[in-house]
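S.K.: Using the sequences plus the hints, can you model the full thing?
Heads up: the sequence lines are chains Y and W, in that order. For the first sequence, position 100 matches number 1148 in the numbering used here, and the numbering has no gaps at all. For the second sequence, position 87 matches number 88 in the numbering used here, and the numbering has no gaps at all.
Think of the hints as simulated: they come from the structure by calculation, not from any bench. None of the values given here were measured: they were computed from a predicted structure. Cβ atoms here follow ideal geometry from the backbone N, Cα and C, with glycine treated the same way. Among the clues, some could well be false.
Ranges between beta-carbon positions, derived for each pair [said to hold, decoys possible]:
#: 1; chain 1: W; residue 1: D97; chain 2: Y; residue 2: G1373; range: 29 to 37 Å
#: 2; chain 1: W; residue 1: S32; chain 2: Y; residue 2: P1298; range: 15 to 23 Å
#: 3; chain 1: Y; residue 1: M1049; chain 2: W; residue 2: C47; range: 51 to 59 Å
#: 4; chain 1: Y; residue 1: Q1111; chain 2: W; residue 2: D10; range: 29 to 37 Å
#: 5; chain 1: Y; residue 1: Q1111; chain 2: W; residue 2: I105; range: 46 to 54 Å
#: 6; chain 1: Y; residue 1: P1216; chain 2: W; residue 2: S18; range: 37 to 45 Å
#: 7; chain 1: W; residue 1: C47; chain 2: Y; residue 2: K1239; range: 51 to 59 Å
#: 8; chain 1: Y; residue 1: F1252; chain 2: W; residue 2: R14; range: 30 to 38 Å
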Amino acid sequence: MGEAYIAGVAMTDIGWHEDDPHDMGARVCAEALRDAGLLPAQVDGLISTPHGYMADTRKMIAQRMADYLGITCGLMLDVDSGGNSTSVAVHIARDRIREGKISSCLVFAAQREAPPNRIKEDIVGHFHLIKAANSLYDSYQAAYGLISPLPFYAMAVQRYMNLHSIPPEDIAGVAALLRAHALKHPQAAYKEPLTVEEVLASSFVSPPIRRLECSEMHDGAAAVVMVGEELARGNPRAVRIAGMAEAHDPTSFAPYRGEISRFPCVGRAARAALEESGYALTDIDVAEVYGAFAGMEPMMYEELGFFAPGKAPEAVREGRTTHGGEVLLNPSGGRLSLGHPAYVTPLLEFIEIVRQLRGEAGGRQRPGAAVGLVHTEQGFINGSIVAVLDKGR
Amino acid sequence: MDTKPYIQDRAAREFFSLLERGEFRTTRCRSCGEAHYPPRVVCPACLGEEMEWVDLPREGTLLAFTQQRDAVRCRRPEVLGLVELEGIGNVFTRIDAPLEELRIGMRVAFSTWTSSDGVALHQFRPPRA
Ligand SMILES: [Zn+2]
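M.R.: Structure representation (structure tokens):
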């Protein structure tokens, strides 16, 4: 088996965009190819995702881009696995490249949803979108009118805080720290500082989760260019994916059996990815973790193995997950403060780790970062993908 | 019962029409005897396709609870919870009590409740003082 690398990356600013998602996608594809030093004629695979959960979704996104950019390729796919989609894409591309079936692959996603305020102003006009949001869940969950998985996350956080006696200040502190990280990221959706007091003063949206402890859905686009050994040769900015693994639990949103505050797939994916890479968790300098709510962040840090159960909140409070700490977690600002266009999010995580390992992360650079980790999830963390990246060779 | 878009599959249609009559039931496999929640038309244990409907326990343990502010069809805010039924698993349900009266681990009992579009749903409530 050969090796697979990420040789080019590009992302838009995260926020609300007026551009058509096709145009956003084309621009990040072009920028990522320029960053990799490749032309469309050298692209051998093309993978994309839908434009959003509630967007008026077009089909066959990758095929349209192949036509638009003039790409003749040996792999084409639109992936729809919720929040994991672009991570699945990277995983498949990596395997095909390592098998020698393709020499390169362009993975891109562009998300544009109807902004929530626009939906609220015109509920009737957007009712088809609300019905689409409800249709994510099975009959026994959808019947209670769900339009987001927020109540499931709230119950998980409630049990976690209860089991480990976590004070609300420690959860609010995670949101405040992620905002501090995002202030060092020029493309982040949020530009204003956030204090623990402000988080605790925000209203409950689904107790114990408060408004400022939630990620908001955003628009944005991102692309990564993956290559095999031949195209990576002589490119010192290519970052290697040293290990990658995917794991799923037999659940869809709230578990009908077992503990709602535990997510076994996360640890299984992490252990398998680390084993393939040859690194230990203690080798990781920097990681991007998929936490959609402040309370979920410490739970994910623990499931990945960075801290013992119940111990991540105090680690965050003691500064062990920020600049100068033992491991830098979510330097981008994470889902809460970088912003969260879900179909794009895994690519944003890969891009942050690529920038950190290249030494191109600007004011949020971890000095000497050599090994990084990406964690992504789908549904209500019903499935997880973990990748371990290094400088290769 | 009217066909509602969110009541999708065959077992779900039967489950919700039984609830209309106050019956809280699920499927059990005739081949291997395993009961499942939610109900199914195929058995994940033995892959059999012959099912019978059996009663679910009408009491359980409250594992977690919260409140949903924005939702379709239900009144707002709505208290929701996860209730463990012994030997069956977890049921996601409405909780018929104010949030401040609830505690993790308390016993709760089944009843039915009709949503704004006329569908009978299950709910659970703590014993009245
Ligand atoms: Zn059976």
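S.K.: Give a verdict on every hint.
M.R.: Here is how each hint holds up against the structure:
Against the hinted window of 29 to 37 Å, the Cβ-Cβ separation of D97/W and G1373/Y comes to about 46 Å, which falls outside the hint. Between S32/W and P1298/Y the beta carbons are some 20 Å apart, a value that agrees with the proposed interval 15 to 23 Å. With their beta carbons about 39 Å apart, M1049/Y and C47/W fall outside the hinted range of 51 to 59 Å. Look at Q1111/Y against D10/W: about 32 Å separates their beta carbons, and that is inside 29 to 37 Å.
Evaluation of the 46 to 54 Å hint for Q1111/Y and I105/W yields a pass: the beta carbon distance comes to about 50 Å. Here the CB-CB span from P1216/Y to S18/W is close to 43 Å, well matched to the stated 37 to 45 Å. With their beta carbons about 58 Å apart, C47/W and K1239/Y fall inside the hinted range of 51 to 59 Å. For the hinted restraint 30 to 38 Å between F1252/Y and R14/W, the CB-CB distance of approximately 35 Å keeps it satisfied.
Violated hints, in rising order: 1 and 3; the structure is consistent with all others.
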